[in-house]
Amino acid sequence: MSAAPGRSQASSHRSPEDGGTPMNLPVHPGVPVAATLLAAGLGRRLGGVPKPALLIDGESLFERLVRALRQSGIEAISVVIGPYADTLLALARRCDVQAIRHSGPADELVASQRLAVHEHLRQQPGADLMLLVADLPLLAADDIRPLLRAWAQRTAHAQAQVPVVGGVRGHPVLLSWQAVQAVAGQSLPQGVREWMQGSIDATQMLTSDRDAYVTDLDTPDDLQALRSRLAGASIGWPEQP
Numbered sequence: 004m005s006a007a008p009g010r011s012q013a014s015s016h017r018s019p020e021d022g023g024t025p026m027n028l029p030v031h032p033g034v035p036v037a038a039t040l041l042a043a044g045l046g047r048r049l050g051g052v053p054k055p056a057l058l059i060d061g062e063s064l065f066e067r068l069v070r071a072l073r074q075s076g077i078e079a080i081s082v083v084i085g086p087y088a089d090t091l092l093a094l095a096r097r098c099d100v101q102a103i104r105h106s107g108p109a110d111e112l113v114a115s116q117r118l119a120v121h122e123h124l125r126q127q128p129g130a131d132l133m134l135l136v137a138d139l140p141l142l143a144a145d146d147i148r149p150l151l152r153a154w155a156q157r158t159a160h161a162q163a164q165v166p167v168v169g170g171v172r173g174h175p176v177l178l179s180w181q182a183v184q185a186v187a188g189q190s191l192p193q194g195v196r197e198w199m200q201g202s203i204d205a206t207q208m209l210t211s212d213r214d215a216y217v218t219d220l221d222t223p224d225d226l227q228a229l230r231s232r233l234a235g236a237s238i239g240w241p242e243q244p
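Take 4 as the starting number for the sequence shown in the numbering used here and just add one per residue.
Be aware that a few hints might be false.
Label pairs and their in silico Cβ distance ranges [as the list claims (entries may be wrong)]: (1) 241 with 111: 17 to 27 angstroms; (2) 99 with 201: 29 to 39 angstroms; (3) 99 with 190: 31 to 41 angstroms; (4) 191 with 214: 27 to 37 angstroms.
Honestly, the hints are just simulated from the structure, not real lab data.
Treat the numbers as computed from the prediction; the structure is a model and nothing was measured.
Where a beta carbon is used, it is the ideal one built from N, C-alpha and C, also for glycine.
Please construct the entire structure, taking both the sequences and the accompanying hints into account.
Listed below in structure tokens is the structure:
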């Protein structure tokens, strides 16, 4: 399980659709949100495969995630890719998503995060950032919209938001423009996790029961669980040319 960065001791509340009762939460209108998918891993525990290329009823996981983001109102989408560049670049072009090439060692999530943050600073000035790993097979627009609503109504001091399901931190993570600047200003090898650990009071933990936030694909057992969960769906890897 690829838990999101941060610590559960941070401030938390429940979203309205999850039974929460937010009190006097100010609204943050007019600030756009851009999203970056992190897809530079090796997929080693699954035998060395590009996980975002997994086909579910003929549609790649990458395409499903991009569609979910756009249906949630997020248009500016990029993806950090490393290995399997040919496969993932083709998917990015098909979805009209900007590809950010990561040339460092694969499977170093913090390096992908830092690259995503620096590119966001360069290309999306003033916008907040949604960061998510690209192997969330259950994530749909109906899961993303509550995160965006809670983010728009966050407390004045909150600069980051992480969904938490059953005590497990998940994705997508949201960072304000100020948080993006702060993360980018850290020295190597610090990333989002380290910034959150030093900014507990500014990190909003959003308690939820939506397991789409914490269901990823790391192991063969995860893949088998997905097949059981989506019984009747066609799930498999694309044929190699």
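* Asked: So which of those numbered hints doesn't the model satisfy?
  -> none
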